[in-house]
Amino acid sequence: MYDSYRDHLAIQLEEIREAGLYKNERVIVSPQGAEITISTGQKVLNFCANNYLGLSANRKLVEAAKEALDTHGYGMSSVRFICGTGDLHKELERKLADFFGTEDTILYAACFDANGGVFEPLLTSEDAIISDSLNHASIIDGVRLCKANRYRYENADMDDLESQLQLAQQHRFRLIVTDGVFSMDGNVAPLGRIYELANKYNAMVMVDESHSAGVVGETGRGVTELYNLKGKIEIITGTLGKAFGGAIGGFTTGKKEIIEMLRQRSRPYLFSNSIPPLVAAAGIKMVEMMTETNELQDKLHHNTKYFMERMLKAGFDIKPTQSAICAVMLYDAKLSQEMAVRLLKEGIYVIGFYYPVVPKDKARIRVQLSAAHETEHLDKAIAAFTKVGKELGVLK
Amino acid sequence: MEEMNINEMKEMVLKYVIKEYIDDDDVTITYETPLISSGYVDSFSMVSLLVFLENKFKIKIPPSKATPEAFDSVNSIVALVNQYLEK
Amino acid sequence: MSFPESIRSIYQAQLADIQHAGIFKEERFIHSAQSADIEVEFPSGSELKKVINMCANNYLGLSSHPDVIKAAHEGLETRGYGMSSVRFICGTQDIHRELENRVTEFLGTEDTILFPSCMDANAGVFEAILTSEDVMISDRLVHASIIDGMRLCSAQHDTFKHSSMEHLEEKLLLHADKRLKLVITDGVFSMDGDTARLDRMVELCEKYGAMLLVDDSHATGFIGKTGRGTHEYCGVFGKIDIITTTFGKALGGASGGCVSGRREIVEMCRQKARPYLFSNTIAPVIVSGVLKVFDILSANTERRDKLEKNAAYWRKGLTEAGFVLREGNTPIVPVMLFNAKLSQDFSKDLYREGIYAIGFFFPVVPNGQARIRTQISAGHEIHHLDRALDAFIRVGKKYGILGLTKDQIIEKHGL
Ligand SMILES: Cc1ncc(COP(=O)(O)O)c(C=O)c1O
Ligand SMILES: Cc1ncc(COP(=O)(O)O)c(C=O)c1O
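Residue numbers (the numbering used here), protein chains in the order written: chain U, 1 to 396; chain P, 1 to 87; chain H, 1 to 415.
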């Protein structure tokens, strides 16, 4: 049997290659950081990690993880409700709730799982989910696994959201779902307006803070902080895999009954291991660090502002946002690839994105800023962008 | 297919359910036994029952009607089938 | 206030229903490393209690093995803590590839792709490789994560009675017209501890031109003479098209999973599997630990041999004491109690005796098949097993079930 299937797959893979969509992985041989070493031995500056707070190789997190290895071992070898719950899991859940000003938190192996398992236990075919069209793949999969009625609104388009809410009035409960920061444009969801509409049309709100927790808001509490909505949003999901250390893990935090229901019914929570104790310990350390000082958040905000201002001045087509994602618009797919290759030669590691990851003719290079970057790193990147931009005729 | 009365239909569906889903000899299934809500048939396995009904009775049951509730007992299954036979 | 009392109270009522039905899941907080002896806080807020753990998937006793912990320490020093990226952007280290190669070699396949968990591997694999022209035919007792993966895939699905090869053959005939047929099973079934008949399944798949996927989460590392898994045990090593498995059980127990199998299938998953493309992979520190686990497993078969001996000793002890067990040849030994409430009471009494084992009942197992599931580990010594056996016998006497048959237990305690 497999022989005929092999041929079938070989053709499909060839098609992926021809379409220029084949994903090759670049192998990194150093810890994650502002400066990394790739398998060719080349040292490059990394501007494409979600390492927003620069915690991926942070000494204090490493120490916390090591300590937990000694006190709590390596793995739990069990799901949470059998014998996979450690005291560290409970402590991290409490700390995250304090951090976000919510009532309770439930941990998952990844935010992919948090989003995959949040809808089905909470909503039925009597209810409605109203989802932003650019929400993350894991939200889409979670919605696919839930029987609720689906409504979709154009990215951050509040008029469209309002029409969809009107259409959804016939259902029992309504849940509006949005990413806090959209990862390809870096735009921040208009949560203030979403919250108003939710009140007007009697809906609940869920925000995925994966790209905004630790980043957006004065103290990095995310878009709920930016819009002064602390404690008012029913459901927040987030990841420990980006700003918060970058290893693995996700969470859902919010109203007490919702979290309790997820503990009883959420399939990725019931049927899969949680994060290992050493990841929980590092998570606890991370929250403590972010609560004690605002240094990392401040530095990230400074870096983002610094970079975006200078790129604008250099003449690049970018839309400054409150996130740490800077989309350098090039529009042409080939150009985005060529530019990324040349930037790598200059020692700057960035990725060019094009259709179907972003809309047709909206190709771009996505730059992600980090508190790990020093001013000299930023200057080097800006200089490289300017040089390559001129060579390729992007800049006059 | 020749005409079948309600009782013959029930008998036939019951036989299929027992053959297709029940492993345990101790279990007795009647026309009223809840099949899905008591765990004899998981909703995933319902698919083969649907295919069986559609082939046997030459009907088409829309997916929106093939709910776990409608499939929960032999009685309710036959009632559902009848709705589509009449049309 | 968009979360008014009306909504809050709906969820409160649902939670109360779960509590009344006696199926509310309460977590026990473990304050020590996972091993045969653990310290537990239960109920929440109470003093720590030392108990023997009889319900972990720590089959090889590697969850807190000093060499694994040491390797993780080193991993943290040389590789940092997290990657903060998905694989194809900047989340791939050389050790991720190294681990993929080690798994491939161990399982006797062509290539391997890592996932953050086996749940995610199962959730992503079907949609990546099948379309609506194809059919998935699964055993009725496969794991929940496989069911979710199939729900996300547009291929048709059908099921066969648990381990019934006649029924599987019927279904293969029924679906003869489909472009691709994928037969799906667990290698070892987690609730019963029985083993899939992979030898027969490989034959049937060859006869009817189908592919075979095996989730070997409860087998990799210890089932089969050298611990390669159910395919080794059944004499079909190298003949399985797709194996999924986890690092979250026997292989150190931290986290992570994979799809291992035909080269093109693995490649397809790398291009299309959503949890791979849109979620972080296993953290470097975990990879370092799992690599060490494979070193330990490749050095000799001591741990799996000890596990096999322990499991046989435990099974024999329980049988002689007069318990009704599920037949099987794995370290999963279910003690059948049939009545749901009895399974909960039994578990509580065991805990009082210092033995940690969980009672399972509907809907986790079929109605009327409630049980205490025990799981044996190479981390257990004979004295652990003897103490646990004593406790089981005392509690068994209390409920008067020793020496009774299934029917007699049901007569005594009801269903
Ligand atoms: C058969 C089977 N597959 C997959 C899983 C999920 O494994 P993981 O914890 O890696 O998600 C489990 C664990 O419960 C399992 O028993
Ligand atoms: C908005 C959003 N949600 C969820 C995720 C998934 O996070 P994790 O890696 O924890 O699964 C991502 C990461 O890509 C994301 O961007």
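Among the hints, a few may not be true.
[What the hints assert, rightly or not] Below are the EDC-like pairs computed for lysine to aspartate or glutamate, each with C-alpha atoms no more than 16 Å apart in a straight line: (1) U/K147 / U/E162; (2) U/K255 / U/E376; (3) H/K70 / U/E63; (4) U/K66 / H/E77; (5) U/K66 / H/E100.
[Stated by the list, open to error] Listed next, the stretches of chain U that the computed footprint assigns to chain H, with coverage defined by at least 3 CB atoms under 8 Å from CB atoms of chain H: (6) 5 to 12; (7) 63 to 69; (8) 103 to 117; (9) 244 to 252; (10) 261 to 267; (11) 327 to 340.
[Claimed, not checked] Computed list of chain U residues with no C-beta within reach of chain H, every gap over 10 Å: (12) Q169; (13) E218; (14) E257; (15) E295; (16) Y355; (17) E391.
Note that these hints are calculated values from the structure, not bench results. For clarity, every value in this text was computed on a predicted model and none was experimentally measured. Where is the CB? At the ideal position from N, CA and C, for every residue including glycine.
Now the hints, each set against the structure:
{"no.": "1", "hint": "U/K147 / U/E162", "result": "violated, 22 Å"}
{"no.": "2", "hint": "U/K255 / U/E376", "result": "violated, 44 Å"}
{"no.": "3", "hint": "H/K70 / U/E63", "result": "holds, 14 Å"}
{"no.": "4", "hint": "U/K66 / H/E77", "result": "holds, 9 Å"}
{"no.": "5", "hint": "U/K66 / H/E100", "result": "violated, 25 Å"}
{"no.": "6", "hint": "5 to 12", "result": "holds (count 6)"}
{"no.": "7", "hint": "63 to 69", "result": "holds (count 3)"}
{"no.": "8", "hint": "103 to 117", "result": "holds (count 6)"}
{"no.": "9", "hint": "244 to 252", "result": "holds (count 4)"}
{"no.": "10", "hint": "261 to 267", "result": "holds (count 4)"}
{"no.": "11", "hint": "327 to 340", "result": "violated (count 0)"}
{"no.": "12", "hint": "Q169", "result": "holds, 14 Å"}
{"no.": "13", "hint": "E218", "result": "holds, 22 Å"}
{"no.": "14", "hint": "E257", "result": "violated, 4 Å"}
{"no.": "15", "hint": "E295", "result": "holds, 18 Å"}
{"no.": "16", "hint": "Y355", "result": "holds, 16 Å"}
{"no.": "17", "hint": "E391", "result": "holds, 24 Å"}
Comparing the model with each numbered hint stated earlier shows that hints 1, 2, 5, 11 and 14 do not hold.
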